[in-house]
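On the provided structure of chain A, position chain B as indicated by the hints.
As a plain string of letters, each chain reads:
Protein chains: 2
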Amino acid sequence: MLSGEVDRIIQLFSKLPGLGPRSARRVALHLLKKKDQALTPLIEALIQAKESIQTCKVCHNLDTSSPCTICTNPSRIPNHLCIVEDVSDCWAIERSHVFKGHYHVLGGLLSAIDGIGPKQLTIESLLERIESQSIQEVVFALRATVDGQTTLHYITDLLEPFNVKVSSLARGIPVGSDLDYLDDSTLALAFEGRRFVPSH
Amino acid sequence: MLSGEVDRIIQLFSKLPGLGPRSARRVALHLLKKKDQALTPLIEALIQAKESIQTCKVCHNLDTSSPCTICTNPSRIPNHLCIVEDVSDCWAIERSHVFKGHYHVLGGLLSAIDGIGPKQLTIESLLERIESQSIQEVVFALRATVDGQTTLHYITDLLEPFNVKVSSLARGIPVGSDLDYLDDSTLALAFEGRRFVPSH
Chain A
9 MLSGEVDRII QLFSKLPGLG PRSARRVALH LLKKKDQALT PLIEALIQAK
59 ESIQTCKVCH NLDTSSPCTI CTNPSRIPNH LCIVEDVSDC WAIERSHVFK
109 GHYHVLGGLL SAIDGIGPKQ LTIESLLERI ESQSIQEVVF ALRATVDGQT
159 TLHYITDLLE PFNVKVSSLA RGIPVGSDLD YLDDSTLALA FEGRRFVPSH
Chain B
9 MLSGEVDRII QLFSKLPGLG PRSARRVALH LLKKKDQALT PLIEALIQAK
59 ESIQTCKVCH NLDTSSPCTI CTNPSRIPNH LCIVEDVSDC WAIERSHVFK
109 GHYHVLGGLL SAIDGIGPKQ LTIESLLERI ESQSIQEVVF ALRATVDGQT
159 TLHYITDLLE PFNVKVSSLA RGIPVGSDLD YLDDSTLALA FEGRRFVPSH
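Heads up: the sequence lines are chains A and B, in that order.
So in the numbering used here, spot 86 of the first sequence is number 94, and the numbers just go up one at a time.
So in the numbering used here, spot 163 of the second sequence is number 171, and the numbers just go up one at a time.
Next comes chain A alone, as it looks inside the complex (with noise of 0.2 Å):
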């Protein structure tokens, strides 16, 4: 009994990721019964975001600009380099502020099961990049999955000409996590990873 526009949004918003048919539902309905102060600003934001945001040619980063603001931005270190997998690896990184040197956004990972081989990801850009830009340390920020190994031993082997530094980010106990909800394997790397605390 629902109009064709409402189910439209329902379904629309149901496709999101973390929203299922009953939060797009919810979500749909508060932007009708909010027009002017939901809904309208919203419409004009999407657009507006529409418009303006753009991949990055360099590092392939969402942007109002194209080299994005972290590719021009004369106070980062320019020649290290950390590759991500996805743009929201990049934002989370910057949220922490550990880093000052510029990313490069793989889009991915290899994956023989999904069928993603080098080709789909910006691997050819990248090393493109390292070149010119002569960059001359790497950091790994990859997921600690098989996937995530493969590619950095992919590209690690293709940098091997390029005398780069390369490094990954440490596996270990996340702070704040209690150690009987860790899996095995990443108690396993916080042990091979540990640090001798020095005695006063």
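In case anyone wonders, no lab produced these hints; they're calculated from the structure.
Quick caveat, the model's predicted, so the values are computed rather than measured.
A couple of the hints might just be wrong.
[Claimed, not checked] Derived pair list, reagent style BS3-like, types lysine-lysine, alpha-carbon separation capped at 27 Å: (1) B:Lys127 with B:Lys65; (2) B:Lys58 with A:Lys41; (3) B:Lys65 with A:Lys41; (4) B:Lys173 with A:Lys42; (5) B:Lys23 with B:Lys42; (6) B:Lys23 with A:Lys43; (7) A:Lys41 with B:Lys127; (8) A:Lys65 with A:Lys127; (9) B:Lys42 with A:Lys23; (10) A:Lys58 with B:Lys108; (11) A:Lys58 with B:Lys42; (12) A:Lys42 with B:Lys127; (13) B:Lys65 with A:Lys58; (14) B:Lys108 with B:Lys42; (15) B:Lys173 with A:Lys23; (16) A:Lys127 with B:Lys41; (17) A:Lys108 with A:Lys173; (18) B:Lys23 with A:Lys42; (19) B:Lys65 with B:Lys173; (20) B:Lys41 with A:Lys23; (21) B:Lys43 with A:Lys42; (22) A:Lys127 with B:Lys42; (23) B:Lys173 with A:Lys41.
[As the list claims (entries may be wrong)] Some, not all, of what chain A presents toward chain B, calculated at C-beta under 7 Å: (24) Glu13; (25) Ser22; (26) Gly28; (27) Arg34; (28) Val35; (29) Leu40; (30) Lys42; (31) Gln45; (32) Pro49; (33) Gln56; (34) Thr72; (35) Ser74; (36) Leu195.
From the three backbone atoms N, C-alpha and C, an ideal C-beta is built for every residue, glycine too.
Then chain B, alone, in the frame of chain A:
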């Protein structure tokens, strides 16, 4: 380091029911990465819904027309009225196909704590309908809370002069639920409303 446009849609999404900053970020990123498949259709559907959806002046449901398709449907029982708190309740009952009469959306419940009095609800238009449409039966489908009960009793008192049959949805054990997880008051109501099983 996020551009203002991205920040703005994350902020708007995180205000929607059921979404927080984290899920809003995922949704925004998904839309920006899939402009043609996800963002553009969503914008178009939202604009269309914004222009076409309105509140029915009879029952206060949301629809593309006013009076809405339920109010104007000649195959629905004309003298039966189901009183609900919100449009979502009306949609939920419609999905279950159990009720063939008309609806009246109150737009909330009487609540001393939230300062919601009879004037904020559509009670006046309800009384007009009862009279002009010579309603014979009213079913309250309100929440089983203090506010729901208060609203039920308040409206029932107002209905006294009209000679209508008034009922309220049964309280009891939801289908498929474990007795162990039910609260005491639901159990008590389920006992109170128990039905005797005829012997063969």
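Tested hints:
no.	hint	result
1	B:Lys127 with B:Lys65	16 Å, holds
2	B:Lys58 with A:Lys41	10 Å, holds
3	B:Lys65 with A:Lys41	14 Å, holds
4	B:Lys173 with A:Lys42	34 Å, violated
5	B:Lys23 with B:Lys42	22 Å, holds
6	B:Lys23 with A:Lys43	14 Å, holds
7	A:Lys41 with B:Lys127	19 Å, holds
8	A:Lys65 with A:Lys127	16 Å, holds
9	B:Lys42 with A:Lys23	12 Å, holds
10	A:Lys58 with B:Lys108	43 Å, violated
11	A:Lys58 with B:Lys42	10 Å, holds
12	A:Lys42 with B:Lys127	20 Å, holds
13	B:Lys65 with A:Lys58	36 Å, violated
14	B:Lys108 with B:Lys42	42 Å, violated
15	B:Lys173 with A:Lys23	43 Å, violated
16	A:Lys127 with B:Lys41	19 Å, holds
17	A:Lys108 with A:Lys173	16 Å, holds
18	B:Lys23 with A:Lys42	12 Å, holds
19	B:Lys65 with B:Lys173	24 Å, holds
20	B:Lys41 with A:Lys23	14 Å, holds
21	B:Lys43 with A:Lys42	25 Å, holds
22	A:Lys127 with B:Lys42	20 Å, holds
23	B:Lys173 with A:Lys41	31 Å, violated
24	Glu13	5 Å, holds
25	Ser22	11 Å, violated
26	Gly28	10 Å, violated
27	Arg34	5 Å, holds
28	Val35	5 Å, holds
29	Leu40	5 Å, holds
30	Lys42	10 Å, violated
31	Gln45	9 Å, violated
32	Pro49	6 Å, holds
33	Gln56	5 Å, holds
34	Thr72	5 Å, holds
35	Ser74	12 Å, violated
36	Leu195	26 Å, violated
Checked against the numbered hints listed earlier, the structure breaks hints 4, 10, 13, 14, 15, 23, 25, 26, 30, 31, 35 and 36; every other hint is satisfied.
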